[in-house]
Amino acid sequence: MEPKSIPQYLFRQLFENESSTYTYLLADLATKQALIIDPVVDTVERDAKLIQQLGLKLRYAVNTHVHADHITGSGELKKKFPDCKSVISNESGAKADIYVKDGEVIQIGETGKTPVILECRATPGHTNGCMSFVSHKNKSVFTGDALLIRGCGRTDFQQGSSDKLYTSIQTKLFTLPDDYRVYPAHDYTGQLCSSILEEKTHNPRLTKSRDEFIQIMANLKLSHPKQIDKALPANLMCGIQGDD
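Every letter in the sequence shown is one number past the one before it in UniProt numbering, and letter 44, counting from 1, is 44.
One should not assume that every hint holds.
Using 20 Å as the maximum straight-line C-alpha spacing, the simulated PhoX-like pairs for lysine-lysine come out as follows [stated by the list, open to error]:
{"no.": "1", "residue 1": "Lys-78", "residue 2": "Lys-32"}
{"no.": "2", "residue 1": "Lys-79", "residue 2": "Lys-49"}
{"no.": "3", "residue 1": "Lys-164", "residue 2": "Lys-208"}
{"no.": "4", "residue 1": "Lys-80", "residue 2": "Lys-32"}
{"no.": "5", "residue 1": "Lys-57", "residue 2": "Lys-78"}
{"no.": "6", "residue 1": "Lys-57", "residue 2": "Lys-85"}
{"no.": "7", "residue 1": "Lys-57", "residue 2": "Lys-113"}
{"no.": "8", "residue 1": "Lys-95", "residue 2": "Lys-80"}
{"no.": "9", "residue 1": "Lys-80", "residue 2": "Lys-57"}
{"no.": "10", "residue 1": "Lys-78", "residue 2": "Lys-49"}
{"no.": "11", "residue 1": "Lys-139", "residue 2": "Lys-113"}
{"no.": "12", "residue 1": "Lys-95", "residue 2": "Lys-79"}
{"no.": "13", "residue 1": "Lys-85", "residue 2": "Lys-49"}
{"no.": "14", "residue 1": "Lys-113", "residue 2": "Lys-137"}
{"no.": "15", "residue 1": "Lys-164", "residue 2": "Lys-200"}
{"no.": "16", "residue 1": "Lys-139", "residue 2": "Lys-200"}
{"no.": "17", "residue 1": "Lys-32", "residue 2": "Lys-57"}
{"no.": "18", "residue 1": "Lys-57", "residue 2": "Lys-79"}
{"no.": "19", "residue 1": "Lys-230", "residue 2": "Lys-95"}
{"no.": "20", "residue 1": "Lys-95", "residue 2": "Lys-85"}
{"no.": "21", "residue 1": "Lys-32", "residue 2": "Lys-137"}
{"no.": "22", "residue 1": "Lys-32", "residue 2": "Lys-49"}
{"no.": "23", "residue 1": "Lys-32", "residue 2": "Lys-85"}
{"no.": "24", "residue 1": "Lys-85", "residue 2": "Lys-101"}
{"no.": "25", "residue 1": "Lys-101", "residue 2": "Lys-164"}
{"no.": "26", "residue 1": "Lys-32", "residue 2": "Lys-113"}
{"no.": "27", "residue 1": "Lys-49", "residue 2": "Lys-80"}
{"no.": "28", "residue 1": "Lys-95", "residue 2": "Lys-78"}
Don't read these hints as lab results, they were simulated from the structure.
These numbers were taken from a predicted model, which means no experiment stands behind them.
Using the sequences plus the hints, can you model the full thing?
Here you go:
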């Protein structure tokens, strides 16, 4: 009887109801090193409890961009896990411990074994500092607010540019293999994930030409985000207010 293989990778998709935000927890089980993507301050206690229960060592709290609809949980997680570093794009304009650029990688685990590696892909348009993170090993991409399930991030405030967003999605995301799973920062219809092929085929905005896309985005008539006035100032500090 052959021995069972031991899983080396942990993945959890977590949800925050008020802002319909997905938070993602990834870990290398060989070393117990972990990272969290787009944590929300309101669910820090839940997330910290899970991390502690699983015996994980949180190394990074990663934000895909400066959020306007919730306050990041990065700062509170750093208090609970002193070795944790906050991460955001160098184009975000926000404060963080580590700034990442297009083409760089974030790694947890040991080189030469089976580390979890995320490729950083700049996907501006919703904001200047939007960053998507690709796990080639696990055929998945964490798209933040750039690409949503059958939608995309709005472009009517906070450095938004429909032209930039169209370019980002077409050149940085839709060039990934069709079977890569798409994990967005939000979903408002109860869907958990999509795929590159699905979005290339069925996304009602992104199957259109550039000019049609820009016209669609200019006429969404969306309401102002409820938490933007308190979320933006806090998130520009990336949850690490008071640090030097």
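Hints breached by this structure: none
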